[in-house]
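Go ahead and model the full structure; you've got the sequences and the hints to work with.
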Amino acid sequence: MAGKVFRSSVKISRAQARQIVDGAFAMARARDMDPLTAFVMDGGGNMIAAEREDGCAPLRLPVSRGKAFAALGNGASSRTVGERNEQRPAFLASVAAAADGQFVPVAGGVLILDLNDEVIGAVGISGASSDEDERVAIAGIEAAGFKVGTAPG
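Every letter in the sequence shown is one number past the one before it in my numbering, and letter 124, counting from 1, is 124.
Check the hints yourself; a few may be wrong.
Straight-line distance between alpha carbons at most 20 Å, and here's what the computed EDC-like set of lysine to aspartate or glutamate pairs gives [stated by the list, open to error]:
hint, residue 1, residue 2
1, 147, 117
2, 147, 22
3, 11, 117
4, 11, 42
5, 147, 42
6, 147, 114
7, 11, 22
8, 11, 118
9, 147, 118
10, 147, 132
11, 11, 132
12, 147, 131
Between beta-carbon pairs, the in silico distance windows are [stated by the list, open to error]:
hint, residue 1, residue 2, range
13, 131, 89, 20 to 28 Å
14, 10, 85, 28 to 36 Å
15, 30, 3, 44 to 52 Å
16, 4, 84, 17 to 25 Å
17, 115, 22, 33 to 41 Å
18, 4, 86, 47 to 55 Å
19, 6, 131, 40 to 48 Å
20, 3, 97, 24 to 32 Å
21, 5, 131, 43 to 51 Å
22, 4, 117, 32 to 40 Å
Source of the hints: derived by calculation from the structure; they are not laboratory data. Glycine included, C-beta positions come from ideal geometry on N, C-alpha and C.
Below is the structure:
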């Protein structure tokens, strides 16, 4: 008889990740933004949900993932990571290499926090302007009832 298989702890359910995606896309459609791709990951960097709207370019998926991973991997929004390191291109290039290229330090990647302000995941959005991407990421996180992790530059 095989041993027991233990379940992993889940901080963001698939249903909650869908709420994030749906909330982000609802805001984008209400504002008539360009088509978007959303990527929601857990605190370990694993995908929970990813979706692209009709008409969204194919590279938007890896870009949205890279924005989420930049935020999660550095403990700050992808905007903050990029802004803090504008004068350190060698550092940004090194982190991108360490992340196997899955690191996009521009606005659109936002941390998902629990009620204790602990990071439990991240969302990345790509397809509109970076500022718009970030706004809809925040809207999606809030639509699912989570706190948003943004830090001042």
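Each hint tested on the structure:
This hinted pair checks out: residue 147 and residue 117 have alpha carbons roughly 7 Å apart, not beyond 20 Å. Between the alpha carbons of residue 147 and residue 22 the distance comes to roughly 17 Å, so the proposed pair stays at or under 20 Å and holds. Proposed proximity of residue 11 and residue 117 is supported: the alpha carbons are some 13 Å apart, at most 20 Å. In summary, the hint linking residue 11 to residue 42 is supported, as the alpha carbons are separated by about 7 Å, within the 20 Å threshold.
For the proposed pair residue 147 and residue 42, the alpha carbon gap of about 14 Å is at most 20 Å, so the pair holds. Taking the CA atoms of residue 147 and residue 114, the gap is near 6 Å; set against the 20 Å cutoff, the hint holds. Note on residue 11 and residue 22: the hinted pairing holds, with a Cα-Cα distance of about 19 Å set against a maximum of 20 Å. Distance hint between residue 11 and residue 118 is fulfilled; the C-alpha atoms sit about 11 Å from each other, no more than 20 Å.
Distance check on the hinted pair: residue 147 and residue 118 sit about 9 Å apart at the alpha-carbon level, within 20 Å; holds. In summary, the hint linking residue 147 to residue 132 is supported, as the alpha carbons are separated by about 19 Å, within the 20 Å threshold. Between residue 11 and residue 132 the CA atoms are separated by roughly 27 Å; this puts the pair beyond 20 Å, and the hint is violated. About 19 Å separates the Cα atoms of residue 147 and residue 131, which keeps this hinted pair within 20 Å; it holds.
Between residue 131 and residue 89, the C-beta spacing of about 22 Å keeps the proposed range 20 to 28 Å intact. Judged by the Cβ atoms, the range 28 to 36 Å given for residue 10 and residue 85 holds: they are separated by roughly 32 Å. Restraint check, residue 30 to residue 3: a C-beta distance of roughly 50 Å satisfies the suggested window 44 to 52 Å. A beta carbon spacing of about 45 Å between residue 4 and residue 84 contradicts the range 17 to 25 Å that was offered as a hint.
Checked against the hint of 33 to 41 Å, the pair residue 115 and residue 22 fails, with Cβ atoms roughly 22 Å apart. Residue 4 and residue 86 have their C-beta atoms about 50 Å apart, which keeps the hinted 47 to 55 Å range intact. For the hinted restraint 40 to 48 Å between residue 6 and residue 131, the CB-CB distance of approximately 42 Å keeps it satisfied. Restraint check, residue 3 to residue 97: a C-beta distance of roughly 39 Å breaks the suggested window 24 to 32 Å.
A hinted range of 43 to 51 Å holds for the C-beta pair residue 5 and residue 131, which are about 44 Å apart. Between residue 4 and residue 117 the beta carbon distance is about 34 Å. The supplied range of 32 to 40 Å therefore holds.
Comparing the model with each numbered hint stated earlier shows that hints 11, 16, 17, 20 do not hold.
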